[in-house]
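Peer 1: Note that the protein sequences, when read in sequence, are chains A and B. Mapping the first sequence onto numbering that gives the first Met the number 0, position 111 (from 1) lands on 110, and the numbers just tick up by one. Mapping the second sequence onto numbering that gives the first Met the number 0, position 103 (from 1) lands on 102, and the numbers just tick up by one.
Wrong hints could be hidden among the right ones.
Unchecked claim - Pairs of lysine to any residue, SDA-like flavour, derived with a Cα cap of 20 Å: (1) B:169 - A:76; (2) A:13 - B:34; (3) B:95 - B:6.
These aren't lab readings, by the way, just hints derived from the structure by calculation.
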Amino acid sequence: MSQVGIVLISHSPKVVEGIKDIINQVAKDVPVELAGGTDENEIGTSVEKIQAAIERVHTDKGVLLIYDLGSAMMNAELAVEMSDYEDIEIAEAPLLEGAYVAAVESGMGKSLEDVKKACESALKNE
Amino acid sequence: MELQVEQIVTWMEKANEKVQDNKEYLTSLDQAIGDGDHGINMARGFKEVVQKVSGSDYETASDILKDVAMTLMGKVGGAAGPLYGTAFLKLSASVKGKKSIDYGSFVTGLEEALAGMKQRGKSEQGEKTLIDTWAPVIEEMKKADGFDCDLLSATAKAAMEKTKDIKATKGRASYLGDRSIGHLDPGSVSSYYLFTSLAETIRGGK
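If we strip away everything but chain B, and leave its shape as in the complex, we get:
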């Protein structure tokens, strides 16, 4: 299968639902080790994304991904804005001109998205950031031959849960040092919502 424009809309709608449903939860995670606004910021950003993309007509998958990127950059407010915004912008650029996205191109696009986030946040895997969800998911996706919703969801969940054991060295949580251990990284949790929403979208499309 290939990812179509309509599926990207569904993906964003599902991600928005999860973020809205878990707004308080994300905020409580961020209150423990950050500045406590991740839930509010993500809820605001994804609400705007859905408003932007739901009614619009898109020629290509890259066009809609670019709008997602610009909306997140403009509306989120916290670090998640430039990070997720950069990710979707890189993904969009990677699949530029494509009406729909085949699996290989999508994985390549995600790799470029990840590289963009690492550069934007000056961060690597293992520093208790959203990269710790993205990197393992992409690693597993590279090994698969096509979209596999169970693999996507399970890998994202396991990766997200692992961030509990990591000591933060980037972002606001790094000020806490060892006290950041034992808490989930909020960005990794919201990234899990993003990937599990993608998995649900693919499952629905089969």
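If we strip away everything but chain A, and leave its shape as in the complex, we get:
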């Protein structure tokens, strides 16, 4: 059973590494890849890192991108536009909470649409 791949995009490599640690406690086998910081691992985001993470994590169920601040969103959009895959979505969700919920849902084998929806309602108690 394939699972939706998840890419975590942050201005800081430490932020996404920490989030992955938290996710791993509940969802060990979910494909999660990180795109934190610039190419030099400084504060910022990198289209190339996001593209590489998408390549590593892509499954036939698609990929969900979750980001932290403004320019991360712009670079996420660029990466999606430059990708050959049609099944990549960007979630509008808080990075940590969204990623946590997305990983759980992905682990249950849900579709990209369902994972995205769950991710985006991560702060609502439904």
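We have chain A already, so just place chain B on it with the hints.
Peer 2: Frame of chain A; chain B shown alone:
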């Protein structure tokens, strides 16, 4: 006159010099209302651009503009990367295949670049972003018949200075609300360097 490949190289070299010379200044502007990395990011990006384009041979103006775009997207790191990257990518696409760029095509290309940045940043004129330099410059260029270095430089400078009075509603500065008033927008200042570098390039070519 038409903009040649060699002039685009000169344009990028001049822009890089200004960004490097004003790295601290851009950073101090960004520290006041943003996250304080605009100078560092732009300096890194344009240094890479010059390294990429200076030694290379380009068939067409659109080829070099595309390399500028890809380098800025990959190397800047902050919001300026996708924004300036998108601008140069749109400009490149607009003049695709052209060995050199005539004035009319260049202005059309800049309009498409501006539209691309607005879409990328989900932003309009008047929100204290680099668009507030680009939009008035393009407006004035549309009225002119050909490259006019004085017009280009003066319009970009006036537009950049006007951003001091605007309240930011986009980007990191928007978190400051009214406190963003009274500070220049760093992106508008770096855009001024870009346009004034273009003006100097054209002046040198006459």
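Peer 1: If a hint holds in the structure, say so; if it does not, say that too.
Peer 2: Verification of the hints:
1. Note on residue 169 of chain B and residue 76 of chain A: the hinted pairing holds, with a Cα-Cα distance of about 17 Å set against a maximum of 20 Å.
2. Under the criterion of a C-alpha separation no larger than 20 Å, the hint pairing residue 13 of chain A with residue 34 of chain B is consistent with the structure, at around 18 Å.
3. Pair hint residue 95 of chain B plus residue 6 of chain B holds up; C-alpha atoms about 17 Å apart against a cutoff of 20 Å.
Violation of the numbered hints given earlier is absent; every hint is satisfied by the structure.
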